[in-house]
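**Student:** All chains should be modelled from the sequences, with the hints used to inform the complete structure.
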Amino acid sequence: MTMPYYVAPEQVMKDRAEYAQKGIARGRSLVATVYDGGILMVAENPSRSLHKVSEIYDRIAFAGVGKYNEFDQLRVAGVRHADTKGFAFSREDVDARSLANLYAQFLGQVFTHEMKPLEVEVLVAELGTEARLDQLYHIAYEGTITDEDRFAVLGGETETITTRVAAAFVDGWDLDTALRGAVSSLAGPDRTLGADDLEVAVLARTTGRRAFRRLGVVELSERLAGPRRSGRGSRAAATPAPPDDDTK
Amino acid sequence: MGLPLFPSGDDPGPSFAALLRRTDPTATLLPGLDASVAMPPVRHGTTVVALRYADGVIMAGDRRATEGHIIAHRAMEKVFPADRHSAVAIAGAAGPAVQMVRLFQTQLEHYEKVEGVALSLEGKANQLGQMVREHLPMAMQGLVVVPLFAGYDLARNMGRIYSYDVTGGHYEEADHAATGSGGRDARTTIKLGWHPGLGRDEGIELAVRALYEAADEDSATGGPDLIRGIFPMVATVTVDGYDTVSDTEVAERFGVLLERRRAGGGQS
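Here the protein sequences come in this chain order: A and B.
Numbering-wise (this note's numbering), the first sequence opens with residue 2 and increments by one.
Numbering-wise (this note's numbering), the second sequence opens with residue 34 and increments by one.
There's no promise every hint is true.
Under 7 Å between C-beta atoms, here's a sample of chain B residues computed to sit facing chain A [stated by the list, open to error]:
{"id": "1", "residue": "36"}
{"id": "2", "residue": "38"}
{"id": "3", "residue": "41"}
{"id": "4", "residue": "48"}
{"id": "5", "residue": "50"}
{"id": "6", "residue": "143"}
{"id": "7", "residue": "146"}
{"id": "8", "residue": "147"}
{"id": "9", "residue": "176"}
Think of the hints as simulated: they come from the structure by calculation, not from any bench.
Beta carbons: idealized from backbone N, C-alpha and C, even for Gly.
**Tutor:** As structure tokens, then:
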């Protein structure tokens, strides 16, 4: 009979954390920030159909980085939780805080009790009302939850990106400025990211019930080009961005 | 309530009804009742109509709910947005009907969010049919729910209308449909006034007129209430989505109708 090796709990946790961090760092990063009209989420994602940013409920959005199948499972669970709660009680009773806590509990549970931790980081963003403020809940792979009210950075090399976003961040900036700030923070000084490399969505403070809206490639490239360059390319000025049909 | 996660072989998929059955079996539609127990009077909603017009579809419903011979509610809403590009109207037992609409609305949005794309209009009509069919045991005991479903088909660029029976059977209607206790009178009125390429004002007027005629013949259908300012509820679904027609506009269309009546000496 072989004796099981003794491994110190500190070592087990360290190994798991390292494993999860490595997995997350392999993927690309994501920046979310509040702007004057809502919350903006920008992910580096060349795929048009495998989304990193999605709608959970009327005023709640989800963003995930790391392993797609793992965070997508969490996204679907979030939609299910929100819809069940809204159906059983009322739409106003669905809030991001309780969902963020559930994610944190689940990720913490998996991190301590399962063989393999989830290689994901998720963000639950909620657009505020008169009663609640805009809120960004950032939940790490081991279940640590932090709430931000300005911006959040998810993924690998967060430290450098966080420094760049912090430098660019202006309280109450508009959508275009925030978008360009987020994109250049993601890209860094040596790269430029175009509309095709990005997935962008907003929770916009409009009169409609569902605040979530994706920014299509056309609208995105116009917004990224900025006011000066869009004046030169007359096509951009002449044709306003068509409303994105499935996200209007 | 924990995070609703399921093993991959036992996943409810994009269906909200299946999810509810897993998580909270009591939250779905009412179960079948004991047939030997006499049903006390319950609220009933009555006449609803739908018709195609140039830009899409118009849906309208009267505002009366009855409990036996009593008027239970004067301003009930029977026309609801199902999602951005479709509408559902209900006739029959009000309690289960409104619950069915809530489940249907949640189901359509749930599917759209989980799958990332909305259901086709045909798919939505089928979903509603399944819900009506599940309700059949209750319908057999007198709690009949018969919806009307209409929407703008973005794939075909046209408005489409579906009518239902208690078994969940659904039938696409060419141009118009009406259901509920005054449905027959409403249908006749629309049939006589409808023509292809109907404009918006004309269409709203025809829908209001159909409900007026139904209220004229059927005691359970409420006519426009000028004293309280309660008018039929009218909604349109076009390529731009669901939109409720304001009370002011409905009152205006009804005013036109009344003028014509008076001028004709009570005959239209």
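**Student:** So, residue 176 (chain B) near chain A? Judge it on the closest CB pair being under 7 Å.
**Tutor:** violated (21 Å)
**Student:** Answer holds if the nearest beta-carbon of chain A is closer than 7 Å to that of residue 147 (chain B); otherwise answer violated.
**Tutor:** holds (6 Å)
**Student:** How about residue 143 (chain B): closest beta carbon in chain A under 7 Å, or not?
**Tutor:** holds (5 Å)
**Student:** Would you settle whether the hint for residue 48 (chain B) is holds or violated, based on the nearest Cβ-Cβ distance to chain A being less than 7 Å?
**Tutor:** violated (11 Å)
**Student:** Using 7 Å as the Cβ threshold, decide whether residue 38 (chain B) counts as touching chain A.
**Tutor:** The hint holds - residue 38 (chain B) has a Cβ within 7 Å of chain A, the shortest such distance being about 5 Å.
**Student:** Against chain A, with CB atoms and a cut of 7 Å, does the hint on residue 36 (chain B) hold up?
**Tutor:** Status holds, d = 5 Å.
**Student:** Can residue 41 (chain B) be said to touch chain A, with a Cβ gap under 7 Å?
**Tutor:** Hint on residue 41 (chain B): violated, closest Cβ of chain A at ~9 Å, above 7 Å.
**Student:** Would the hint on residue 146 (chain B) be counted as holding, given a Cβ-Cβ threshold of 7 Å to chain A?
**Tutor:** holds (5 Å)
**Student:** Does the closest beta carbon of chain A sit nearer than 7 Å to the beta carbon of residue 50 (chain B)?
**Tutor:** Residue 50 (chain B) check fails; min Cβ-Cβ to chain A is 10 Å, beyond 7 Å.
Consistency with the previously given hints fails for numbers 3, 4, 5, 9, ordered from lowest to highest.
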